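Whenever a hint applies, use it, and build me the whole structure from the sequences.
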Amino acid sequence: MDNLSELLHGFTIAVTVPHLALMVVGVLLGILVGVLPGLGAPNGVSLLLPLTFGMQPVSAIILLSSMYWGALFGGSVTSILFNIPGEPSSVATTFDGYPMARDGRPTTALATAFGSAAFGALIGVILITFLASWVAQVALAFGPAEYFAVYFLAFASFVGMGGAAPIKTVVALAIGFAIAAIGIDTVSGSVRLTMGVDELVKGVNFVVAVMGLFGIGELLVAVEEEFHARAVSSKIDWREVFRAVGRLPRHSVALLRSAAIGCWMGITPGGPTAASFMSYGIARRFSRRGRYFGTGEVEGIISPETADHAAGTSALLPMLSLGIPGSATAAVMMGGLMIWGLNPGPMLFVDQKDFVWGLIASMYVGNIVAVALVLLTVPVFAALMRIPFVIIAPLIVIICVVGAYSVSNSYLDVVTMLGFGIVGYLFKKLFYPLAPLVLAIVIGDKAEDAFRQSMLMSKGSLGIFFANKLVTCLIVGGVALLLLPLVLQLARLLHKPAPPTNETTAQEKVII
Amino acid sequence: MISRRALELATAVLTGSFGIAVVVQSLDNGIGWSSAGVESGTFPFLTGVIIVLGSLYNLVRGVMPVASLANVPIAITPIELRRIASLFVPATAFVAAIPLIGMYLASAGYVFAVLAIPKHQSVPRALAMALATAIGLYVVFERMFQVSLPHGALAAAFGL
Numbered sequence: 001m002d003n004l005s006e007l008l009h010g011f012t013i014a015v016t017v018p019h020l021a022l023m024v025v026g027v028l029l030g031i032l033v034g035v036l037p038g039l040g041a042p043n044g045v046s047l048l049l050p051l052t053f054g055m056q057p058v059s060a061i062i063l064l065s066s067m068y069w070g071a072l073f074g075g076s077v078t079s080i081l082f083n084i085p086g087e088p089s090s091v092a093t094t095f096d097g098y099p100m101a102r103d104g105r106p107t108t109a110l111a112t113a114f115g116s117a118a119f120g121a122l123i124g125v126i127l128i129t130f131l132a133s134w135v136a137q138v139a140l141a142f143g144p145a146e147y148f149a150v151y152f153l154a155f156a157s158f159v160g161m162g163g164a165a166p167i168k169t170v171v172a173l174a175i176g177f178a179i180a181a182i183g184i185d186t187v188s189g190s191v192r193l194t195m196g197v198d199e200l201v202k203g204v205n206f207v208v209a210v211m212g213l214f215g216i217g218e219l220l221v222a223v224e225e226e227f228h229a230r231a232v233s234s235k236i237d238w239r240e241v242f243r244a245v246g247r248l249p250r251h252s253v254a255l256l257r258s259a260a261i262g263c264w265m266g267i268t269p270g271g272p273t274a275a276s277f278m279s280y281g282i283a284r285r286f287s288r289r290g291r292y293f294g295t296g297e298v299e300g301i302i303s304p305e306t307a308d309h310a311a312g313t314s315a316l317l318p319m320l321s322l323g324i325p326g327s328a329t330a331a332v333m334m335g336g337l338m339i340w341g342l343n344p345g346p347m348l349f350v351d352q353k354d355f356v357w358g359l360i361a362s363m364y365v366g367n368i369v370a371v372a373l374v375l376l377t378v379p380v381f382a383a384l385m386r387i388p389f390v391i392i393a394p395l396i397v398i399i400c401v402v403g404a405y406s407v408s409n410s411y412l413d414v415v416t417m418l419g420f421g422i423v424g425y426l427f428k429k430l431f432y433p434l435a436p437l438v439l440a441i442v443i444g445d446k447a448e449d450a451f452r453q454s455m456l457m458s459k460g461s462l463g464i465f466f467a468n469k470l471v472t473c474l475i476v477g478g479v480a481l482l483l484l485p486l487v488l489q490l491a492r493l494l495h496k497p498a499p500p501t502n503e504t505t506a507q508e509k510v511i512i
Numbered sequence: 001m002i003s004r005r006a007l008e009l010a011t012a013v014l015t016g017s018f019g020i021a022v023v024v025q026s027l028d029n030g031i032g033w034s035s036a037g038v039e040s041g042t043f044p045f046l047t048g049v050i051i052v053l054g055s056l057y058n059l060v061r062g063v064m065p066v067a068s069l070a071n072v073p074i075a076i077t078p079i080e081l082r083r084i085a086s087l088f089v090p091a092t093a094f095v096a097a098i099p100l101i102g103m104y105l106a107s108a109g110y111v112f113a114v115l116a117i118p119k120h121q122s123v124p125r126a127l128a129m130a131l132a133t134a135i136g137l138y139v140v141f142e143r144m145f146q147v148s149l150p151h152g153a154l155a156a157a158f159g160l
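Here the protein sequences line up with chains A and B, keeping their order. With the first letter of the first sequence counted as 1, position 33 gets the number 33 in the UniProt record's numbering; the numbers rise by one all the way through. With the first letter of the second sequence counted as 1, position 155 gets the number 155 in the UniProt record's numbering; the numbers rise by one all the way through.
Derived by calculation from the structure, the hints in this document are not laboratory data. Given the structure is predicted, the values throughout are model-derived calculations rather than measurements. Wrong hints could be hidden among the right ones.
Covered stretches of chain A (chain B as the covering partner; in silico rule of three or more C-beta atoms under 8 Å from a C-beta of chain B) [claimed, not checked]: (1) 17-29; (2) 56-69; (3) 250-257; (4) 450-457.
Label-pair distances were calculated between CB atoms; the ranges are [unchecked claim]: (5) A:Arg291 x B:Leu27: 17 to 25 Å; (6) B:Ser17 x A:Tyr411: 20 to 28 Å; (7) B:Leu9 x A:Phe242: 33 to 41 Å.
Cβ coordinates follow ideal geometry from the N, Cα and C atoms, glycine included.
Structure below.
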């Protein structure tokens, strides 16, 4: 019960007036970026990052994580009321959320979504409370070889379970690694991959990449579709809120199943987007009312929402205890941790107890604050959506440009950001996953260092990755995950003579 | 009109050429094993090779007629292309103008241009929004967070 006393101590840090105020600010900003198309949680958090440099790390992470919760909720608001996913991870919520709202039950849809989202988040936080310090304890004994094996497993699970075309995931990952390698090599001090541009010696900052990939890229996709914000009524009927939440326990199987999927996808970095799609797909297959899915089915809202938030929350577990972020936003936060001078990984649980447990306690409180605030502010943010997109789009472009510039006061960063915007658009359009790319940019150097250190220890022999049971298991598991798509394809070929192509992935099929 | 196939090909060529650039550059750093351990070019070299191989695979997949891709033969219609251009071209012009006239003038001009020229807003309203943007940027960054945004060559010429 060590964890519980630590958690109580964490509450004394999280539940103070300044920190509660930060949560409110963070959640409101989060809902704002979640609601606005083109701005999402990864961008929002990267934009706020420079403003946190003067803060205490605990306060800074509370602000950033609250923003993350807010963004997750905000994305669902627009999905349900406007059929426009504010966040990629809330795309699956539009399938049943919008039909239900259009049929005159917007409050039911919103309350169901928020209720199940809060449940998913709660399961995620409970998991972190009890598991994170244990994982960290195990990880304390890790050497460089084990670390590299864990990184390898994380990246392999993107390929095996991320839901996108496997080779496209591999390409995205490798590009991320190559971008991470740009600049001065931390081990030998030599300059790498600058392509003759002297300014690139400082490397490419992940914030610049995030601004372009998620900001400009998403904006281009949004402007192309030129959506019409045909909103359904955004009035909240409070009695219906409680009735809808009261009905949730009837769907406890769906809730628990989706939370389990979410936690799994959050910890093994599959990310919230993949989790919500997977959960929706499984619910449709197993629900008795599966054929009504897509017409405003309650479980069609519960499943993606619970999984989305469970994944978003539990993505912080590997970030805290292993230094491996489970989602793009967690990757940005981890970049923040490194900037604040903290070393994400098991040592946090030894050196920075206040930070870790303050954050975990704030996750409980922050999610409650988020549910309350999002319900209270639905009409306000719904009104925001009525501002024409032509006005919002240039403002978001300016925000991304200024954000990229302010990272290191460099004009080259702005140009690079714009380039990433084109890449982000192409990748989104062709279903290359973006999260692994960002993840590789943030932790590419660490993975490489771990590899090179293990090679130094073993004097160049790859045998070190099979030196003990743990590292062997991790490596074998990683290889298995890498080969999983191939095996599945072969199995399908053997079963059906006419080979169905698996080029269209699960997400793609749903969208088409 | 741009077909899905063309878009797949273009992207694969783009990622592939990046991979080739990475491979070529990392050879300068030396690959393989030296007395100081793994040489600094090794890791980028491997990632470059993976990028090239993966891009080749995607290229071949893009060329081959695939049943499911036939569902979406058209990736970008002319109208969509025009919409994208209407966002991206002004944005590029805005970024290109920053070194010359500075962030404030450039962003004000950008907002004004995209709102007033396609007649989304009346000229006075667009002007007001443009001014508000520049002033907002100045207050938030220069004053509140003490981040100096670029003032541009023009301002420097006037000695500001």
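These are the hints, each one checked on the structure:
For the segment 17-29 of chain A, the stated coverage by chain B is violated: 0 residues have a C-beta nearer than 8 Å to a C-beta of that chain, whereas at least 3 were required. Counting residues of the segment 56-69 of chain A whose CB lies closer than 8 Å to any CB of chain B gives 0, which falls below the minimum of 3, so the coverage claim is violated. Note: the segment 250-257 of chain A has 0 residues with beta-carbon separation from chain B under 8 Å; the three-residue rule is not met and the coverage is violated. Counting residues of the segment 450-457 of chain A whose CB falls under 8 Å from any CB of chain B gives 4; the rule of at least 3 is met.
In this structure, A:Arg291 and B:Leu27 break the distance hint of 17 to 25 Å, their C-beta atoms being roughly 58 Å apart. With their beta carbons about 25 Å apart, B:Ser17 and A:Tyr411 fall inside the hinted range of 20 to 28 Å. The hint said 33 to 41 Å for the Cβ distance between B:Leu9 and A:Phe242, and at roughly 55 Å that hint is violated.
Of the numbered hints given earlier, the model fails hints 1, 2, 3, 5 and 7; all others are met.
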